[in-house]
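In the numbering used here, the protein residues as written are 412 to 485.
Please keep in mind that the hints were generated in silico from the structure rather than gathered at the bench. Ideal placement from N, C-alpha and C gives every residue a C-beta, glycine not left out. Any given hint could turn out to be false.
Now the in silico label distances, taken between C-beta atoms and shown as ranges [to be verified]:
#1 GLU479 to ASN458: 24 to 34 Å
#2 GLU471 to ARG436: 32 to 42 Å
#3 ARG459 to LEU437: 24 to 34 Å
#4 GLU454 to ASN477: 33 to 43 Å
#5 ARG436 to LYS473: 35 to 45 Å
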Amino acid sequence: MGNLMEKKVQNADSSTVDYEDKLLRLQSYREKLDELCDFVDQELRFNRQKREEWNRRTIEWKESYNAEESTGNN
Numbered sequence: 412m413g414n415l416m417e418k419k420v421q422n423a424d425s426s427t428v429d430y431e432d433k434l435l436r437l438q439s440y441r442e443k444l445d446e447l448c449d450f451v452d453q454e455l456r457f458n459r460q461k462r463e464e465w466n467r468r469t470i471e472w473k474e475s476y477n478a479e480e481s482t483g484n485n
């Protein structure tokens with residue numbers, strides 16, 4: 412009977428180890444996801460800035476082009 416009890420204890424220990432491994436793996440995934448989210452946020456900010464800058468330049472160029480057209484200095 413004692414042998415059966417030892418097996419149950421071993422199984423409990425091994426499943427505890429499994430949960431520890433899973434926990435560590437999940438924490439690692441979470442850290443990687445956090446890093447990825449930070450990276451994506453930075454890229455989004457950068458690209459929005461570039462788009463705004465490009466739109467502003469395009470508007471400025473159109474305004475200066477239209478101003479030249481209206482004065483006849485082309």
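Going through the hints against the structure:
Checking the proposed 24 to 34 Å range against GLU479 and ASN458 shows it holds: the Cβ atoms sit about 31 Å from each other. As the Cβ distance of GLU471 to ARG436 is approximately 52 Å, the hint placing it in 32 to 42 Å is violated. The hint said 24 to 34 Å for the Cβ distance between ARG459 and LEU437, and at roughly 32 Å that hint holds. Checked against the hint of 33 to 43 Å, the C-beta distance between GLU454 and ASN477 comes to roughly 34 Å, which is consistent with it.
For the pair ARG436 and LYS473, the supplied restraint of 35 to 45 Å is violated, since their beta-carbon distance comes to about 54 Å.
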